[in-house]
Each structure stands twice: as structure tokens, then as C-alpha cells.
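Which chain is which? The protein sequence lines are A, B and C, in order. For what it's worth, full-length UniProt numbering labels the leading residue of the first sequence as 1, then goes sequentially. For what it's worth, full-length UniProt numbering labels the leading residue of the second sequence as 1, then goes sequentially. For what it's worth, full-length UniProt numbering labels the leading residue of the third sequence as 1, then goes sequentially.
Hints listed in this document are in silico derivations from the structure and should not be mistaken for laboratory results. Just so you know, even glycine gets a beta-carbon here, dropped at the ideal spot from N, CA and C. Treat the hints with care, since some could be wrong.
[Claimed, not checked] From the structure, some residues in chain B lie toward chain C, with a derived Cβ separation under 10 Å:
(1) THR28
(2) VAL166
(3) MET252
(4) ALA263
[Stated by the list, open to error] Heads up, simulated SDA-like pairs for lysine to any residue below, C-alpha to C-alpha not over 25 Å straight-line:
(5) A:LYS157 - C:ARG26
(6) B:LYS19 - C:ILE258
(7) B:LYS195 - A:ARG104
(8) C:LYS140 - B:TYR286
(9) A:LYS129 - C:ILE258
(10) B:LYS19 - C:VAL254
(11) A:LYS114 - A:PRO71
(12) B:LYS195 - C:SER186
(13) C:LYS140 - C:ASP238
(14) C:LYS138 - B:ALA284
(15) B:LYS195 - C:GLY248
(16) C:LYS140 - B:VAL38
(17) A:LYS157 - C:ASN24
(18) A:LYS157 - B:ARG185
(19) B:LYS195 - A:PRO141
(20) A:LYS157 - C:ARG23
(21) B:LYS19 - C:ILE272
(22) C:LYS251 - C:SER265
(23) A:LYS129 - A:GLU119
(24) C:LYS140 - C:ILE272
(25) B:LYS19 - C:SER265
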Amino acid sequence: MSSNTTNERTTGESTSETEGPPDDTIIETDISVGPDSSRTTGCPDTIVRAENLAVYYGDDRALSDVTIEIPENRVTAMIGPSGCGKSTFLRSINRMNDRIAAARVEGDLYFRGKNVYDEDVDPVALRRKIGQVFQSPNPFPKSIYDNVAYGLRVQGKADDVDLDEAVERALRGAALWDEVHDQLGESGLDLSGGQQQRLCIARAIATDPEVILMDEPTSALDPVAASKIEDLIDELVEEYTVIIVTHNMQQAARISDKTAVFLTGGELVEFDDTARIFENPDDDRVEDYITGKFG
Amino acid sequence: MSTKREPGFLADVDLTREKLVNRLFYGTLVVASLFGLVMLVLLIADVIWEAGQALSTFDIDIGTFLTATSSSRPERAGFGASILASLWLIGLTAVLAFFIAVGCAIYLVEYAPENRTTRLIEANLANLAGVPSIVYGLLVLALIVNDAGLGSVILAGAIALALLIVPIIIVATIESIRAVPSSVRDGSYAMGATKWQTIRRVVLPQAMPGILTGTILALARAIGETAPLIMVGTMLHATRYPSGPLSSFSAMPTQIYNWTYQADRMFNGLAALGIVVLLLFLVAMYALAGYLRNRYETDGGSISNV
Amino acid sequence: MSTEPQSGPGISGDDSLEAAHERNRRIRRLLFGCAAVTVVTTVAIFLVLFDNAASYFFGARISEMLFAGEAVERTVSFVEFFTGTRWAPAHATPAHGVLPIVWGTLAITIGAGLVSIPIGTATALYLSEYASTGTRNKLKPILEVLAGIPTIVYGYFAISFVTPILVDGIATDILNPIGSGLDSISHLAPFLLEPVSAWMLGASVGRYSMLAGIVVVGTMTIPMVSSISEDAMQAVPDDLRDGAYALGATKYQVSTRIVLPAAVSGIFASYILALSRAIGETMAVTLAAGFNPTLTVNPFDEIMTMTAYLVSMARGTSAVGTVEYQSLFAVGLLLFLLTLTMNLLNDRLKQRFQEEYR
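Pulled out of the complex, with its shape left as it was, chain A reads as follows (with noise of 0.2 Å):
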């Protein structure tokens, strides 16, 4: 494991150890695992906390029985096999499974010591604090200037602010400013894949909300643009927690610090730091999922 100098930040009480007992078993490993920004390991606060979350559509259970304390400013992976209930979770957040007409929510979702679920959150003020980057990149029909104001006037800041300026510091946090600043005019639809993916994050930044969830947003890309996303999401989190769900372990690995497992009926079986996850798991399902990964 990398060492991590101390970060500015100055948190309140340490988060809760979890419990490891002295296992022998450590999974051999040839890639460095953990952040190598520098990232520390203690203290932040939690910002997203759900307490036995589950998740129905219609009659099948996507979701069962999460308990989770996501902390701020750090990367938190999520992982596991296809249908776990990964992306279910991510939606549960901003609320945007309320869009799904057959979804049901049962248990606790808490942002900030807020239920989101309670009866005076209006989630469209929830999704104003929360970013999402989808999957396939999807920004709109209009100019790249236009698809990164696009937040700031929908939330009508566009008045109080330098619109130029924010578009300008949004696309220079998402990497992109050098690459299309002569030509923000023209279509985000000419963009390359890689680049409508920086647009997009862009645009999530434009409007300064605390939370960025990131749906596989590089599993549409090839590796360069790839990696460059994953560059971009290891400076990111210094001002937003980023959380992410990737099919790719390996990414997992690299740019987390923390990582929740999902297995199979939207169960989490486990969530650790990153390094003792893919080191020096728990739970036996963890380790077979991962070595049957390397293996």
C-alpha cells in the first residue's frame, strides 16, 4: 500500500474500524492498489449513509438490506457482477429511481444527516446537489458552451454568475479546456466519445454540487480516454466525493479508496478500504470474485 501524507482537511471524530480478523490468506496481487494521489486515510465525514436500504421493481428485489457509510471527499468504488444492484444503489441517491415507475424504495437513504426518502425532500433540490455522469456519454444536442451553462440555467444562477467564466472553470476541471476552448460554439454531438464523457463531467461540475456519481463512465471508452477519466476523477475528488460504479476491478483498484462489493440479489457483502479489499478480503465471495477475475 502506498503511504499517504496528510490531507488539509480538518474532520471530526475518526471513522469506525472495521473489524478484520487475522485471516492468513493474502491474494497475490501485481498491481498497486489504492489511490496514488495523496489522499489520507483518516477521518472524513460520511456524506452518504444508507441504513438497511432496499430497492424493488415491481416484485423483484434489486437492492436488499444495504447499511453503508460513504465518506466525503474520497473515491468509492463499487463493484460486483452484472444486475448486483450496483447502479440501483447509485440511482437510490439522487433519486432518480423515482423516475422508474414499478421502483420501490424500503429503508433509509441519509445525505448530509437527511433522509432523502422524507416526505419534504424535493428531489429535484436533491439532484441539484448531486451530479451524475451516465454510462454512454449523453450530452445534449447543443453547443459545448450550452451543454456545460446548462445547469447553471436550469438552476437559475446563470444571472448571478460570469457565464464565461464558469463554463471556462468547469471545462478546465474536467480536463477539456484546452482541447475545445476555440470551439465551444460547436456541437457537444463532434466531440469524441472520450471527450462527450469530459463534456458531461463538465457539465455535473458547472453547478458545484458536493456529490458526483459516476455510473461506468468509462466502460463506453477506449483505454486512453479511459485513463485520462480516471487522471481527471483522482483530481476531482479534492472538491467533490465521487462515487463510482465500474465493472473493472482493476480501475477499482487504481483510483479508490474505499470499495463496496455487490453479489448477487443486491446484496453488500462487504466494504473496506480499497487496499484490504483486493488484498485481504473478508468474506469468501469477495475473494473468489476477485481471484476469479485475476485468475
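With chain A fixed as given, assemble chains B and C onto it according to the hints.
Just chains B and C now, kept in the frame of chain A:
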């Protein structure tokens, strides 16, 4: 086992009768399919021939024809006032029909819950589409022309035509809105946009080319409609240029009807010329719709303004 | 345990969000209003037609009876209306039997159906099963043009070509000679041949003819039948066809035994649609078939359909209160109810067949 091919391989399968039936059937289908083509050719040829005959036999000047008003004397009758009346009609009809139709369509696709009211609206739409156009004329005749006292004016005709084409525009709009992929909608909602914000800024701009195409095609239907206008009450001869929505009028199709109905051969000839003008309008409208469709189907480019 | 600092006043957003929500709510109400207009239209049609038709049968409109206290008197009896065979409401000696114009509408509709249904189905079969892509790409636009031609143009075509040339041609160049031929041998079988030859000899055409109406309305409804039937046929999955072909079936057999039965619900729906259209057709049939309300089976005779009557009696504002004006709404109501029934029948059939083929 012997693998030698018998010289009369498959000889025991006698398909001559089947083949004959197949050929006959095929022939029948072809002849039937040509019927439509033949009728179309005859129709166009007839119209063009009659129009040509009219021009030469009665020495009609095209310029005068296009600009003069009609009259009870065929030598002095022209199509100009009717053309203007039709333009007024189409403009008013477009305004009246477009917003109601698009509004209804947006409601049905984006807002309507799955309940009985919605099903009622949808079932009603299906039936409205099957109402004969003349019935709309009757409706407007009783309510607008007489009860409301508006008289037989362009606005009344426009109301009748608008009611007629609203279901057509609704169907085209619903299709166009549904064609907008859910990925861009999700992108907008995930940014904390309300439903109307998403519709106005993302869905409608993307659906607009399809909506406009559908509207133009609906207006092409309206410009040729005669029966509702006759019920509303048109002038026998469009002897004056209409000055506005409250003028009495005779539009292109109704003037054609009146000229056809007369026994005088010269009037019949004028009718043929009028039909040519009407068909040219239609060709232009279909071409515009086709152009719109092509331009926005192949070009997935940007839609300006948020 | 970790602390979870709250963020601001709950998660309910600020003023601009509230404004956006309010706007959304207002727009939703407005859009619902637009949808309601369509329902109101249907209600209005019912109300207006019944209200004004009452004045024909009872001397005063329902609204006048209710609100203006008009007396109710029986002016036209239902019996005479539905069973009488002379239609002349505006005549000096009026007669209010609607049968002739109902018959006119029916004759045109059935006749047009006899044209458009076989030809439309055959065209659809050809396009779906036989035609090459090149032929399809040429034939389909032609059919669309046929569908797009305004009915007034069909009417002009009928009166300037179909009646004087086609129908008259049939009468004078085909039937008359055959008739005179039959006449000379009619002594061989007088019972049968005499009336037939007499009819053929006497076949002549004026300005209008039922046959012209049938031809023209039939032609204009062909695209309706062919395009909807073709869609239904195309929707039949290829596996069904492949199964039959693999058994050595000919194209004729596959078309008639596999494709047609599988597509029958859509095809039937197209028939009803075409017939419904024919019932409501106005301009083409008026200029083709004419203005003479008679009960006749002679296709060369002039007749009058319900829609032709409406058009012939339209006088705008000048005739309010007259019998002719009132009769417009009685006939209009009848026409509306007829097409409504056809449409409801269509809906029912579609539902039923959808269940069967689930």
C-alpha cells in the same frame, strides 16, 4: 447406399399446377397494383389537358387569372382573391391548431398519469380522427357562424379546419417527442431540472423538426379541404380580396368547386387552372416538409439556444 | 460513529427552484387544458348536432326549449324520416324520407369498398411479398400521392373525365351494342334476356353517375387499405414464412395461407377505416354522383349521398330557421352517428384481435 444421381431427380414432384396458380396470382396482383398508377396518371393528365385547353380555347392570360377576383362573368374571373383567402385561412388555422395540438401532445407524453381521464382523452382522439370533415363544418356553422353571430367569415373557416387537423398534428407531435432518447432526458433530470425545464430546453428543441414536418403536412391537408368551408358559407364567386379574418371569402378549393359546378365550359376551364395552382401549392408544401425531414434526420447536429 | 453535518435548511431548495416548480405546475395545467379542448370538441359536436336536429323534428332546438320556453311540436315524424322514400324537405310539397340519401351513401360506400378492398389488399400483398425494392420504392410514393390529392380534385376528375368518358364509354360503347345484340336474340329466353337487354340498351349517362362516384371514391381509398394492410403484413415475422417455404410451399400458398391470416386484424381494420372514410366523403362523391335523391340500382343513374345533400343545402347565415337548415343537422347527426359506429367497431375489433394473437 448408391449415391448416383437419378436422371429424373425430383421428377416425381409435379408442380405445374402450382406454378400456374402462382403465375396467375402474381399477374392478378400486378394488375391490381397498377390500377392505382393508371388512375393517377389519368387524373393528372386530365387536369393538365383541361387546363391547357382552357388556356388556349378561352384565351386566358395567366397573370390576370392569378390576380383578378372572380366574377359571375367567366371572361373576367380570376383566382387571386381565392389564393389570398386560402393564405389567410392557412395562417389562421396554423396558429389555432398548432398550440392546442402540441400542448395536448406534450401533456399526453410527459405529464399524463395512467388513469381513466388519460385513457378517455386518448380514446377520444382516436375517434376525432375519424369524424368526417363536413361535420366540423356543421359544428362551426351552428356555433360560430350563427349562434355567435360571426357570420360566414375566414375565421370561422379557420376554426373548422383547425379542429379537423388538430388530431393529425397531435399524432405527429407525440411520435416526435417519443423519439427523443431517454438518455438526454435523464441527463437533464439528473441536473436538477424540473419537468417543464427539461421539456422546454431539451425535449422540444430536439422534437421540433418532426413536429414542424407534421404540421406542414397537416396544413397541406387543410388547404385542399372544401366541405367544411362550404358549410361555413363561402361566396359563390370571390369577388373581393379578403381584408382580414372577418371577411367573407371563397378559398381556392371552394372557388374550384363553384366553377366546376357551373354549366359554363369556360368556368370549368378556369376550375382546371385553379386545380393546377392548388396542386402547385401542395407540391411546395410537401417539398418543404420533405426538406425539413431530411435535413434534421441526417444531421444530428446542435440545436441552438437553451 | 461519525458526525453528519447538516447542509442548510433541509433539502428543499431555494427561491429559484420554487419558482421553477410553480412554473411547472402552471404549465401542466395549461397543457391539460389543451388536452381538454379535444374532449370538449367531441362533446360540442354531440350537443350541437342533437340540439339543432331537434329543431327539425320538434320545431325548436333543445336549447330553445330549455331556456326560451319554446313550444314543442312534432314537425317531422321519425317514422316518415326513417322509412319514407322521398327526400325533398325544401320542396313545395315537402317529403322527409331520408332513405334515398342514406341509400346513396350506402351504395357509394359498398361500391367503393368493392373497388378499394380487393385492389388495396392485392396491392399490399404485392408490395409486401412480391415486389422488388426498386419497384416498392416507386410504387409506394405513387400511392402516397394518390392519398394526398384533395378530394375536390377527385371531384373535378370525376365530372370532367370519369363520367363523360369512362362511364359513358362503358354505356355507349360496351353495353349498348351488347344490349342490341341481346335484344335480337331475346326471344330465345325472354324472361331473362329481355330485361337485361332493355337495361343495357337504355344505359345512358348524364352529367353525374353512381358508377363514377364508386370509381372515384374507391380509388381514393385504395392507399388507405394498401398502406395499413401492408404494415400488417410486414409485421408478420419472417420465421413463419421461412417455415412454410422450407416445406416447399409456393409464394401463392405462403401469401394466402400464412401471411393473410396472420395479418388479418390489421387488414380488417384498414377495411373499416376505408369504408368509414367513404361514408364521410363529400366533394368527390358530390361532383361524381350528383344531386338527385332516388332509390335506384342503376349505376348510370344520378343519386345523392347524405354528404352531397349537406353541401347542396349550405347557405351560411341566410337560412337559419328554415326547414332546409334544420334538416342539415338531422342528416349531419345521422352521418356522425354512422361514422362513430364504424370507428367504435374498429376499436373493438382491434382489441379483440390483439387479444387473440397475444
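The hints, checked one at a time:
The closest approach between the C-beta of THR28 of chain B and any C-beta of chain C is roughly 6 Å, which is under the 10 Å cut-off, so the hint is satisfied. Hint on VAL166 of chain B holds. Least Cβ distance to chain C is approximately 7 Å, under the 10 Å limit. The beta carbon of MET252 of chain B comes within 9 Å of a beta carbon in chain C, closer than 10 Å, and the hint placing it at the interface holds. The beta carbon of ALA263 of chain B is positioned within 10 Å of a beta carbon in chain C (closest approach about 9 Å), and the interface hint is therefore held.
Distance restraint check for LYS157 of chain A and ARG26 of chain C: the Cα-Cα separation of roughly 22 Å lies within the 25 Å cut-off, and the hinted pair is therefore satisfied. Restraint check for LYS19 of chain B and ILE258 of chain C: the C-alpha separation of about 18 Å stays at or below 25 Å, so the hint holds. The straight-line distance between the Cα atoms of LYS195 of chain B and ARG104 of chain A is roughly 21 Å, inside the 25 Å bound, and the hint therefore holds. Of the pairs offered as hints, the one joining LYS140 of chain C and TYR286 of chain B holds, with about 15 Å between alpha carbons and a cut-off of 25 Å not exceeded.
Proximity of LYS129 of chain A to ILE258 of chain C is assessed by CA-CA distance (about 58 Å); at most 25 Å being required, the pair is judged violated. Of the pairs offered as hints, the one joining LYS19 of chain B and VAL254 of chain C holds, with about 13 Å between alpha carbons and a cut-off of 25 Å not exceeded. A distance of roughly 15 Å separates the Cα atoms of LYS114 of chain A and PRO71 of chain A; the hinted pair therefore holds under the 25 Å criterion. For the given pair, LYS195 of chain B sits about 81 Å from SER186 of chain C by alpha-carbon distance, which is inconsistent with the 25 Å threshold.
Restraint check for LYS140 of chain C and ASP238 of chain C: satisfied, since their Cα atoms lie roughly 21 Å apart, inside the 25 Å limit. In summary, the hint linking LYS138 of chain C to ALA284 of chain B is supported, as the alpha carbons are separated by about 20 Å, within the 25 Å threshold. Using a Cα cut-off of 25 Å, the hinted pair LYS195 of chain B and GLY248 of chain C is violated, with the two alpha carbons roughly 57 Å apart. Distance hint between LYS140 of chain C and VAL38 of chain B is fulfilled; the C-alpha atoms sit about 14 Å from each other, no more than 25 Å.
Distance hint between LYS157 of chain A and ASN24 of chain C is fulfilled; the C-alpha atoms sit about 18 Å from each other, no more than 25 Å. Restraint check for LYS157 of chain A and ARG185 of chain B: the C-alpha separation of about 21 Å stays at or below 25 Å, so the hint holds. Proximity of LYS195 of chain B to PRO141 of chain A is assessed by CA-CA distance (about 18 Å); at most 25 Å being required, the pair is judged to hold. Proposed proximity of LYS157 of chain A and ARG23 of chain C is supported: the alpha carbons are some 17 Å apart, at most 25 Å.
Restraint check: the Cα-Cα separation between LYS19 of chain B and ILE272 of chain C comes to about 34 Å, which exceeds 25 Å; the hinted pair is violated. About 21 Å separates the Cα atoms of LYS251 of chain C and SER265 of chain C, which keeps this hinted pair within 25 Å; it holds. A distance of roughly 18 Å separates the Cα atoms of LYS129 of chain A and GLU119 of chain A; the hinted pair therefore holds under the 25 Å criterion. Among the hinted pairs, LYS140 of chain C with ILE272 of chain C is consistent with the structure: their alpha-carbon atoms are about 21 Å apart, no more than 25 Å.
Annotation: proposed proximity of LYS19 of chain B to SER265 of chain C is violated, straight-line Cα distance about 29 Å (limit 25 Å).
Hints 9, 12, 15, 21, 25 from the list above are not met by this structure, while the remaining hints are.
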